[in-house]
Each structure stands twice: as structure tokens, then as C-alpha cells.
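S.K.: Take a look at the letters that make up each chain.
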Amino acid sequence: MIATLLTDFGTADGYVGEVKGALLSLVPGATLVDVSHEIGAHDVECGRLALARYWRRFPEGTVHLVVVDPGVGTRRACLAVESLGRFLVGPDNGVLSPALLVQGARAVALETPASAAPTFHGRDVFAPAAAALLGGTPLDALGAPMLSPLVRRTPEARRLDDGGIAGEVIAVDRFGNAITNLMTRRADGVVEVDGRLLPFGRTYADVAAGEPLALIGSSGLIEIAVREGNAASQLGLSRGRPVLLRRDQALSPVPGGLAR
Amino acid sequence: MIATLLTDFGTADGYVGEVKGALLSLVPGATLVDVSHEIGAHDVECGRLALARYWRRFPEGTVHLVVVDPGVGTRRACLAVESLGRFLVGPDNGVLSPALLVQGARAVALETPASAAPTFHGRDVFAPAAAALLGGTPLDALGAPMLSPLVRRTPEARRLDDGGIAGEVIAVDRFGNAITNLMTRRADGVVEVDGRLLPFGRTYADVAAGEPLALIGSSGLIEIAVREGNAASQLGLSRGRPVLLRRDQALSPVPGGLAR
Amino acid sequence: MIATLLTDFGTADGYVGEVKGALLSLVPGATLVDVSHEIGAHDVECGRLALARYWRRFPEGTVHLVVVDPGVGTRRACLAVESLGRFLVGPDNGVLSPALLVQGARAVALETPASAAPTFHGRDVFAPAAAALLGGTPLDALGAPMLSPLVRRTPEARRLDDGGIAGEVIAVDRFGNAITNLMTRRADGVVEVDGRLLPFGRTYADVAAGEPLALIGSSGLIEIAVREGNAASQLGLSRGRPVLLRRDQALSPVPGGLAR
Chain A
14 MIATLLTDFG TADGYVGEVK GALLSLVPGA TLVDVSHEIG AHDVECGRLA LARYWRRFPE
74 GTVHLVVVDP GVGTRRACLA VESLGRFLVG PDNGVLSPAL LVQGARAVAL ETPASAAPTF
134 HGRDVFAPAA AALLGGTPLD ALGAPMLSPL VRRTPEARRL DDGGIAGEVI AVDRFGNAIT
194 NLMTRRADGV VEVDGRLLPF GRTYADVAAG EPLALIGSSG LIEIAVREGN AASQLGLSRG
254 RPVLLRRDQA LSPVPGGLAR
Chain B
14 MIATLLTDFG TADGYVGEVK GALLSLVPGA TLVDVSHEIG AHDVECGRLA LARYWRRFPE
74 GTVHLVVVDP GVGTRRACLA VESLGRFLVG PDNGVLSPAL LVQGARAVAL ETPASAAPTF
134 HGRDVFAPAA AALLGGTPLD ALGAPMLSPL VRRTPEARRL DDGGIAGEVI AVDRFGNAIT
194 NLMTRRADGV VEVDGRLLPF GRTYADVAAG EPLALIGSSG LIEIAVREGN AASQLGLSRG
254 RPVLLRRDQA LSPVPGGLAR
Chain C
14 MIATLLTDFG TADGYVGEVK GALLSLVPGA TLVDVSHEIG AHDVECGRLA LARYWRRFPE
74 GTVHLVVVDP GVGTRRACLA VESLGRFLVG PDNGVLSPAL LVQGARAVAL ETPASAAPTF
134 HGRDVFAPAA AALLGGTPLD ALGAPMLSPL VRRTPEARRL DDGGIAGEVI AVDRFGNAIT
194 NLMTRRADGV VEVDGRLLPF GRTYADVAAG EPLALIGSSG LIEIAVREGN AASQLGLSRG
254 RPVLLRRDQA LSPVPGGLAR
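Residue numbers (this note's numbering), protein chains in the order written: chain A, 14 to 273; chain B, 14 to 273; chain C, 14 to 273.
The following block holds chain A by itself, in its conformation from the complex (with noise of 0.2 Å):
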């Protein structure tokens, strides 16, 4: 009985504190596995991209809560989803979508109750419903089928004429990697930003140190990086900023730390 928490309600305040008591005031064998409560304030996108990454990685049974919301107390719905064997609980504002997206997912509309607090769901509706669902209550006894609940894409990257792609930029991570909505399998081309070419690279330590390169991220994506440095301040990068793979260039990288 695994449940994992994603908000962006940072610890100090104790307001996960909250969350996890109603947890296991419920379902007192659970057990609670930290992904984050260092989402930026409000930050959906960020969420949203964050879930994306681990949700199916976990077993089957696993409950996701995920509480990035700026929308509480709105008539924003309330939802519970079930999709590849997992269950997640959050609001109807698209953080949920990589589970929603996948075929076969199936979600309801929680009810909230009267006593809820208009400010805090995590606590009053989406703790009771994940704490449902670890202790075997089937998705549909916890409210109404919802049909088309609210998803958000990663934007789609343009297939170009000659075979390149052009996307942006979706994310900056804490190493300063900006990940793109580029997919590809294979690392030929050039990557260009800003006017700039960067080269393929299989890991970061094929450049030198402090030189960009542009690789394959460990989730498919291209990424942007700078060598035991920071790309996205050194090459002033950050959501949206367009990344255009070009497939009718090559640059070999400068030979870094496998060379040498």
C-alpha cells in the first residue's frame, strides 16, 4: 500500500504535515513516499512534468496524490483516475494528464464534502479519496464517471521539411538542463538556439568542461546542457525560448572527459 505526494506546499508550514496524518489516520499500514513538496507555488506545468516522469514507474496499486492547485474551492472538479494499474487523485486542471492521456484511463469526480475546508483539499478531499483507494475501494464507488477531464500537452514540436524538428524549450531542471519537447532516437544533427549550433553528445562529458552540448535526456527528450556548468544561466534559456534540431548539419563535439 504505497502512496506517493507531489505538491507544491513546501514542509514548513505544516500543511504536509496535515496531509499525511489524515493518511494514516485512515490507512495507518500505508506507505508514504515523498516525491516533492517543492514545486513552485501554483506551478501546474511543473507538475505536471514532475508526475510525468515517475508515475508508471512505480508498482501497480500505487496511489499518486498530487496537490498543485491553485484553483481550490473553485468548481474546479475534483478527480480520482485510474490508469495503468495506478491510481492518482488531484484536481481537474491538467497536472494529472500524463496518467489521463494514456488509453484505457478511466477517472470520477470526487464529491467534497460539506465539512471540507474551501482551502485545503489536499487534506479534506484528495487524503480521504487516496486513503480509500489504498484500502481497496474501487474507483467508481468514489464518485461519477467524469468524460473529458482537463489535460494540458507538452506544446508539439513542428517535423520539418528536411527531416529536423522544431520545438522549445518545456523545462529547466536543478542542474540547469533545459529539456525540450524534442523526441528522437537518434542524436544526429545539430541542436540550435539563440543562432547558436551545440553538438550531440551521448553524456555530458563529451565536451570540455563549461562547453554546451545537446543530448538525449534520460526521458527521450533533447536536452541542453553545459558541461559541469549551468546551461540555462549561461545560455540564458528558459521556458518557451524556440530549439530547433537541424538534421542537415554535424558537429563533433570537442572531445571532454572521455578523451582524455
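Rather than coming from a laboratory, the hints here were simulated on the basis of the structure.
Incorrect hints may appear among the rest.
Stated by the list, open to error - Estimated spans, in silico, between C-beta atoms of each pair:
id	chain 1	residue 1	chain 2	residue 2	range
1	C	Glu169	B	Ala127	27 to 33 Å
2	A	Arg215	B	Glu73	50 to 56 Å
3	B	Ser161	C	Gly74	40 to 46 Å
4	C	Ala221	A	Met14	50 to 56 Å
5	C	Gln116	A	Glu73	40 to 46 Å
Idealized CB from N, CA, C, for every residue including glycine.
With the hints as your guide, set chains B and C onto chain A.
M.R.: Just chains B and C, lined up with the frame of chain A:
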């Protein structure tokens, strides 16, 4: 066997690792639940307010380890507390007040073993006491009764003749919501801060984006918030700022999300 | 079956979620214990010092996952280590030194599966190895013996003719305490830094608020602290700053909290 942890240690120095290792060496099957290690260094008040939120929400038998302890190594006592069926361990500096102020709470003063590091009672005094409580040792076996442990109270709000209340900001949360000491069940009247009058709403979305409002927060206290904004920075609010609940006026929230 | 986690991943990007999912998919009953994910990006030294604090405090059989890995994807080896009955997995960059330097420690070089992402060995190499160890796979089944893994040592302090020691600051903790490489059991003499002489105290409260002192920290090393203050910022201390223990002088702490 659940033990929660609240500290101001941060995590990067490894101190939390030491505390967890000490606990699990003594009680290998314990379930450790992190509440926070990001309480501001030495911020006893912040620790107290966080603890107030969560300690009762955990099942009976839970042991709450609370180490925000600027006076470590002084003669301040080390406490173990039993209150409403939960146990708490921590320094006698008021951080445990939420549990101590409950009728029937009992406290004992923990012995400090000669081998304890004078600067790390979290590892050498509190963790072993928590482990003993997890293992079923009765409270009274841990030390002599402590009849008047230090308590800190939330500053008291003053009831006014016209039914209003005069209080202050007691905390600012991660979202910039300013939490006051004004407890009420009736969201009527207006809230005055710095000469500005704020309407009551039920939730953030009762005003337009960027607009401030007052609401009854998830712990029953009046909060000042800005929809999709940061009330503390936008209105210049911090701990201690006077706030007035005025019953003799009323303001309607400017309709926001719910109405659109 | 306890696995601890120490990384420099932060949590918001979801990488830690991926590692935990990989672990729990392989060993659903494992107890995961977060030590920290807030080690500075690529700060191997900080990871090593944190590990030194906690690794031996966990029960025998514990598996410590340690991923601070700036060289991921280079030819640096991936290690699994057995030391004092505990297991560790992590890169061969010195971060595991506290366990490797113990007599009788054994290390093997992990295979990197062809399917492993070159930039995420935490998920694809170290987590599976940790899972295997949790499941009882013997160390030798995980790879070939690694006879001379890299180690990093704390800079050695120099013993002086007069019985004093010359050392340096090796870390600054969250409270601003400057931890030195001066190991001693006798808190006598004075500590000199930047020409300033500091008295020894037993704990912070042995001086008045705002005053600096030296003390023997909870791991046996001399620390420089300021009562209710931040020694690193007030005295301008950072890693590498020379510190001298002088046995030929003595200073009494200005009495503080204990005396009042």
C-alpha cells in the same frame, strides 16, 4: 509505530540522517514520517505553529519528534509529553505548547546521558526517548514529572464592544497568505489592515485574480490572501502586523472565478 | 530492508520520484529513508561529509544509495560497497570514502546495462543495484572486485611541536557553524582564526548571545560557532580557511546563558 520528525536542521549536513539512523537502530521497524526539516534555524515560533496543525491528525500512539532547539546544551529541560494519546519529545522552550495546553497532558523531564553531545540532543536525547516510546516504554519510566513546562501561546485577540476583534498576523505561509490570530466561525464584516478594508470570501476565487480578500483558513483562523498572488509581499504583511475584524461594515467580494 | 537516499537532485524535477519508483518496483516492501536531496549540485565533498555522519548509525543490512555524480556517463566506475555490515552504492568519485576507508571494506564495480540512460545512472544503475542488495543478492554477484576505488580524505591537520594543531574549515552547516578538521578530546587552549582568539565552551550557551566560541562538535571535530548567530557570516569563514588550535594559551568563555 509511527514517528514524525520536525526540525530546523535542513537536510544537507547529514544531521537528519544521524537522527533517523539512531531511531532505526533502536526500532528497526518504525515508520518515519518527515513533516519538515526546513523550519527556519532557531525559529521556535514557526515550529510551534506547524506542530499545532498536524499533531492531533496522526493516529493515537504516534510519537512526534520536534527539535527546534536554540538552547541546546543549556539547562532548559528535555521533555517527553503524552497528550490525547499521542507522544511528543522536544526541548522545553514552548515548541511543544500545542500538546501541552490540552487538558490532561503530562510531561516528564528526560535524563541527559553523560555521553550525549552537548550540541546535539536531537540525536542523543530526543531520538532515544522517541525510540523508547515507540517500543512501548511508559512515559513515567522516562523521567520525573515536569509540572510546569514552558508554554507559548498564540497572542490573544481582543474582543471589541461592537462584536469585532483586534488581532495580528501570526504567520506567513509559503503562498504568502498572512495567517492571523482572529478565530471566528462567521465570515461576516470586513477585515481591516493598514487602513485597507478587505471583504470576506469563502475561498480565493471569490475575488478576481490579483485582488485581496479575507477568509476563514483551514485551521479556523482568519487569513488574508490575494488570489493567484502573494498577500504578504503585495500588502507588506509580516508577523505582528495589527489586523482588525470589524463587524459594523460589510463588503462584497468583487466577483472572480466562480462567477465567470 | 532499509534503503537511505542521499542525492543532489533536488525534488521538484521528479528525478527522485523516478529513483524511488525504480526501487519500489523491484522491492515493494522496502523502507525508503530520505537523508537529503539538497546536497549542492555536483558537490561531492558535501555529500561525502554528510555520509560520514550517518552511514554507520543505521542498522546492519541497511543499503545507502548515494548519488552525487558529476561524472555520470564517463568511465568513472559505479560502485557497490560492503563495510561494517552496511551496503552502499554510488559513483567512484570519493563520495563513498567514509565507508571505503574502514578496514575490511570491499567494493565491486557495477555493470552498466546497455539500456541505461547515460545521464541517469541513479535510476538505471544504482537503484537496481540497491534493490538487489536489499533482496539479499551477495555483493560479489553484482560485479568484479574493485581493488582501488577513489577515496577523498578530510584534509589532514598538522600536529605542532607545542601540542597544538594547524587545520582548516572543512564545512559550514545550516546554522553557520564552521566545522574544522581539528579532532580533539580535550577542549583546552584557544582556537585562532584570522588572528582572532576564541575560547572553548562546552556548548553554545557558554558565551553571551552574539559571541563566538569554539567547541567540540557532535562528531568530535572542533567547530566555531556564534551563540544565537551565524559564525560563518559573522566571522567570514568558508571552506579552506586556516584554523589553529593553540595549547599554550587559554581563554575563559564570557559567561552566557548557563550563568544567568
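S.K.: Against this structure, judge whether each hint is valid.
M.R.: Now for the hints, and whether the structure bears them out:
For the pair glutamate 169 of chain C and alanine 127 of chain B, the beta carbons lie near 31 Å from each other, so the given range of 27 to 33 Å is met. Checking the proposed 50 to 56 Å range against arginine 215 of chain A and glutamate 73 of chain B shows it holds: the Cβ atoms sit about 55 Å from each other. Judged by the Cβ atoms, the range 40 to 46 Å given for serine 161 of chain B and glycine 74 of chain C holds: they are separated by roughly 44 Å. For the pair alanine 221 of chain C and methionine 14 of chain A, the beta carbons lie near 53 Å from each other, so the given range of 50 to 56 Å is met.
Range check, glutamine 116 of chain C to glutamate 73 of chain A: about 44 Å between beta-carbon atoms, so the 40 to 46 Å window is met.
No hint from the list above goes unmet by this structure.
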